[in-house]
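**Q** One-letter residues, chain by chain:
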Amino acid sequence: MRILILSNLYPPDFIGGYELCCAQVAEGLLDRGHDLKVLTSSPRTPCPTQGHVSRLLELTNCYDPFSVSHCQPHTRQLWDARANLVCAHNVQVLNSVCEEFQPDVVYLWNLVGLGGLGLVACLQHVGMPWVWYLGDCVPRLLCSLGERVMPAVADEFSRQIRGYYMPVSERVVTEIETGGVRLEGQIEVMPNWIRGQRPAPRTRYFAPGETLRIVSAGQMGWHKGIDILIEAAALLKARGHRDFCIDLFGKVTDPALPALASQRQVEDCVRFLGQCPQADLVERYESQEYDIFAFPTWSREPFGCAPLEAAAYGCLMLMSQSCGIAEWFVDDVHCLKRPRTAEAFADAIEHILTGAIELAPLARRGADCIWRNFHLDALLPRIEEVMVEAAGQELVAAGTPAEAYRLALLGEKLAQAFIHQQAEARAHAWAA
Amino acid sequence: MPLAKIAFVGLLGSGDSPEWARWQDYLAQLAWGVVEAMPGGCAIELLSLGKMARREVLRPGVERRTLPAAVDARDPLEAISWEYPAALAGADLVHIHEHFSRSSELAVLLAKRNRQMICVTEHRVTHNSLFAELELSKLADAVIYYDRPPSVARRVGQAVEVIPGEFDLAAFDSRFAVGGEGATAPQPPTAEQARQTGSRLARLYQKLLADVACEAA
Numbered sequence: 003m004r005i006l007i008l009s010n011l012y013p014p015d016f017i018g019g020y021e022l023c024c025a026q027v028a029e030g031l032l033d034r035g036h037d038l039k040v041l042t043s044s045p046r047t048p049c050p051t052q053g054h055v056s057r058l059l060e061l062t063n064c065y066d067p068f069s070v071s072h073c074q075p076h077t078r079q080l081w082d083a084r085a086n087l088v089c090a091h092n093v094q095v096l097n098s099v100c101e102e103f104q105p106d107v108v109y110l111w112n113l114v115g116l117g118g119l120g121l122v123a124c125l126q127h128v129g130m131p132w133v134w135y136l137g138d139c140v141p142r143l144l145c146s147l148g149e150r151v152m153p154a155v156a157d158e159f160s161r162q163i164r165g166y167y168m169p170v171s172e173r174v175v176t177e178i179e180t181g182g183v184r185l186e187g188q189i190e191v192m193p194n195w196i197r198g199q200r201p202a203p204r205t206r207y208f209a210p211g212e213t214l215r216i217v218s219a220g221q222m223g224w225h226k227g228i229d230i231l232i233e234a235a236a237l238l239k240a241r242g243h244r245d246f247c248i249d250l251f252g253k254v255t256d257p258a259l260p261a262l263a264s265q266r267q268v269e270d271c272v273r274f275l276g277q278c279p280q281a282d283l284v285e286r287y288e289s290q291e292y293d294i295f296a297f298p299t300w301s302r303e304p305f306g307c308a309p310l311e312a313a314a315y316g317c318l319m320l321m322s323q324s325c326g327i328a329e330w331f332v333d334d335v336h337c338l339k340r341p342r343t344a345e346a347f348a349d350a351i352e353h354i355l356t357g358a359i360e361l362a363p364l365a366r367r368g369a370d371c372i373w374r375n376f377h378l379d380a381l382l383p384r385i386e387e388v389m390v391e392a393a394g395q396e397l398v399a400a401g402t403p404a405e406a407y408r409l410a411l412l413g414e415k416l417a418q419a420f421i422h423q424q425a426e427a428r429a430h431a432w433a434a
Numbered sequence: 016m017p018l019a020k021i022a023f024v025g026l027l028g029s030g031d032s033p034e035w036a037r038w039q040d041y042l043a044q045l046a047w048g049v050v051e052a053m054p055g056g057c058a059i060e061l062l063s064l065g066k067m068a069r070r071e072v073l074r075p076g077v078e079r080r081t082l083p084a085a086v087d088a089r090d091p092l093e094a095i096s097w098e099y100p101a102a103l104a105g106a107d108l109v110h111i112h113e114h115f116s117r118s119s120e121l122a123v124l125l126a127k128r129n130r131q132m133i134c135v136t137e138h139r140v141t142h143n144s145l146f147a148e149l150e151l152s153k154l155a156d157a158v159i160y161y162d163r164p165p166s167v168a169r170r171v172g173q174a175v176e177v178i179p180g181e182f183d184l185a186a187f188d189s190r191f192a193v194g195g196e197g198a199t200a201p202q203p204p205t206a207e208q209a210r211q212t213g214s215r216l217a218r219l220y221q222k223l224l225a226d227v228a229c230e231a232a
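Here the protein sequences line up with chains C and D, keeping their order.
Just so you know, the first sequence maps onto residues 3 to 434 in my numbering.
Just so you know, the second sequence maps onto residues 16 to 232 in my numbering.
Hint data in this document are derived by calculation from the structure and do not stem from the laboratory.
Treat the hints loosely; a few may be bogus.
Claimed, not checked - A short, non-exhaustive set of chain D residues, derived as facing chain C with CB atoms under 7 angstroms:
no.: 1; residue: L18
no.: 2; residue: V72
no.: 3; residue: D87
no.: 4; residue: A88
no.: 5; residue: E93
no.: 6; residue: P100
no.: 7; residue: L103
no.: 8; residue: R130
Said to hold, decoys possible - Heads up, simulated DSS-like pairs for lysine-lysine below, C-alpha to C-alpha not over 25 angstroms straight-line:
no.: 9; chain 1: D; residue 1: K153; chain 2: D; residue 2: K222
no.: 10; chain 1: D; residue 1: K153; chain 2: D; residue 2: K20
no.: 11; chain 1: D; residue 1: K66; chain 2: D; residue 2: K222
no.: 12; chain 1: C; residue 1: K415; chain 2: D; residue 2: K66
no.: 13; chain 1: C; residue 1: K415; chain 2: D; residue 2: K153
Stated by the list, open to error - Covered by chain D, per the in silico footprint, the following chain C stretches (three or more residues, Cβ under 8 angstroms):
no.: 14; region: 157-170
no.: 15; region: 397-409
no.: 16; region: 412-418
Idealized CB from N, CA, C, for every residue including glycine.
With these hints in hand, go ahead and build the complete structure from the sequences.
**A** Structure, rendered in structure tokens:
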């Protein structure tokens, strides 16, 4: 098949798991002999050239916290409109690439920042089939300006947009639909995955009396519950435990978090170790450096690739009971799920420290389950089937690519006009 | 043949001015002419914007529907409504009568996405308009002129209807007067002229909707 992948970012320019998964599946599809092209944005820092990757799209400045926090509300709204609703430039680029590459199907990933709604509308208009991998509530985000979903836009999305969706968890679908955006078409929940060769069985698991080595990796932010780990460490120390350590890998998004570790006097057992390349992390897991992957993330976590990866190498997943990845595993069989509080996490760790919970059986079962059901090689055939089905639809184009571009230009200017109008009306109201 | 539903987009802003009342009256007569002449009948909704939502039956088969404006725009021609998508969704055909308003531009976008038939009456007005800048008339299935059409490239398959006779938009809005506001306003078409124009439009609509029915079959 000829597959065009559309993603706002693409490694080595990435922020999180969504883009990494995109690159992994692209490589997997290439290995299986498909003709594949990735269309993504100009990188935020220089990137080496990759033959199948075209970095031609404009990414609107929604991921730069400094710019976002230092701009006027009016400017921010204009950026949101261009990031979520429509960017005519990107519609034209998409048209050109489709004309040149002639894909059988377009595989959509994260479209935030690209004027995603306009891109999907363009594909619909020209009758191009698509499959949309939803690693987050992207359709809802695309129908929003700022935090607010625009009901009229959500209604139009629900009415008009129809295709194949692959959300990574049920909560992604729920979050989209509670925003007033209905997903019409085929929906098949598809988890994230791991790759690589299964290593030899782990030889060493934690036993009471040893030092329990806990790790967490990803964005070091409040939404990932890093504060909960810090508070849990403080509770454990207060209860007299010293035989544990928590290593944190990833970019710290709020300096208040390391400061919290100081305030709670747990700097000796909670270490912020900065960013670590994914391959290096895997090496550490393979070397059996850690016993537990702690994941006290927020309930709107779509999935969570990081704990999956660690658990594949025998780290026990200790996760929030309500999050995306928790939908795929059974508590006390493959993992431990707990309420998202410092007390609950401290209790779980304490039970492992004392032997009340035996870590090894849980970790083994978790790893077995992951290698059997969550390896990309096991999932790719199903992904291909969905794409073949999507490509086989008899879609009737509503118009030409030129028309789609003209409509995108119109949509872009109407959005700008409306935002200016709102700003004027606000200024007028204040003056009055 | 099922009853055709037609949306007329364009009441020059909204309000209580005599000019606005004349324009509404003209469009109502036009719509009535269509309803009388359309085989199988039709229902026409005149869409306009205002502070509050409202519906009013002007004549049998002709209803004026006021949609609440999203923002209190200084210039009524800039106003749009969040209810446009729902208002247009059920129409078989959308006729843009004042192409120089934001509402009309939005209506073209929505109607095209809905795969609805689009007619545009070109008034050769470039005021405040993305129509000229983006050549939005090329998206229409039919363009109506009140005088000789301009010699510009048209979309293949696009119908052109020329309705001879005097029609000056300045009769309804002095902004469009040659000589600017304050110049003597020309006379609007009579009710009879409006109804005759309506019956010509009915033939055009019938043809467009029949073409759609053939394609669907």
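**Q** None of the hints should be skipped; say for each whether it holds.
**A** We went through each hint and held it up to the structure:
1. Nearest Cβ of chain C to the Cβ of L18 (chain D): about 22 angstroms, over the 7 angstroms cut. The hint is violated.
2. Given the 7 angstroms rule on beta carbons, the hint for V72 (chain D) is violated: about 26 angstroms separates it from the nearest Cβ of chain C.
3. Of the supplied interface hints, the one on D87 (chain D) holds, with its beta-carbon coming within about 6 angstroms of a beta-carbon of chain C, less than 7 angstroms.
4. The restraint placing A88 (chain D) at the interface with chain C holds, with a minimum CB-CB distance near 6 angstroms, inside the 7 angstroms limit.
5. This hint holds: E93 (chain D) has a C-beta 6 angstroms from the nearest C-beta of chain C, less than the 7 angstroms allowed.
6. Checking P100 (chain D) against chain C: minimum C-beta separation of about 5 angstroms stays under 7 angstroms; hint holds.
7. Annotation: interface hint on L103 (chain D) violated; nearest CB of chain C at approximately 10 angstroms, more than 7 angstroms.
8. Annotation: interface hint on R130 (chain D) holds; nearest CB of chain C at approximately 5 angstroms, less than 7 angstroms.
9. Between the alpha carbons of K153 (chain D) and K222 (chain D) the distance comes to roughly 19 angstroms, so the proposed pair stays at or under 25 angstroms and holds.
10. The hinted pair formed by K153 (chain D) and K20 (chain D) meets the criterion: a straight-line CA distance of about 23 angstroms does not exceed 25 angstroms.
11. Taken as a hint, the K66 (chain D) and K222 (chain D) pair is broken in the structure, with Cα atoms around 37 angstroms apart against an allowance of 25 angstroms.
12. Taken as a hint, the K415 (chain C) and K66 (chain D) pair is honoured in the structure, with Cα atoms around 24 angstroms apart against an allowance of 25 angstroms.
13. Restraint check: the Cα-Cα separation between K415 (chain C) and K153 (chain D) comes to about 17 angstroms, which is no more than 25 angstroms; the hinted pair holds.
14. Counting residues of the region 157-170 of chain C whose beta carbon lies closer than 8 angstroms to any beta carbon of chain D gives 4, which reaches the threshold of three, so the coverage claim holds.
15. Closer than 8 angstroms: that is the beta-carbon criterion, and the region 397-409 of chain C has 5 residues meeting it against chain D, so the requirement of 3 holds.
16. Only residues whose beta carbon comes within less than 8 angstroms of a beta carbon in chain D count, and the region 412-418 of chain C has 4; three or more means the coverage holds.
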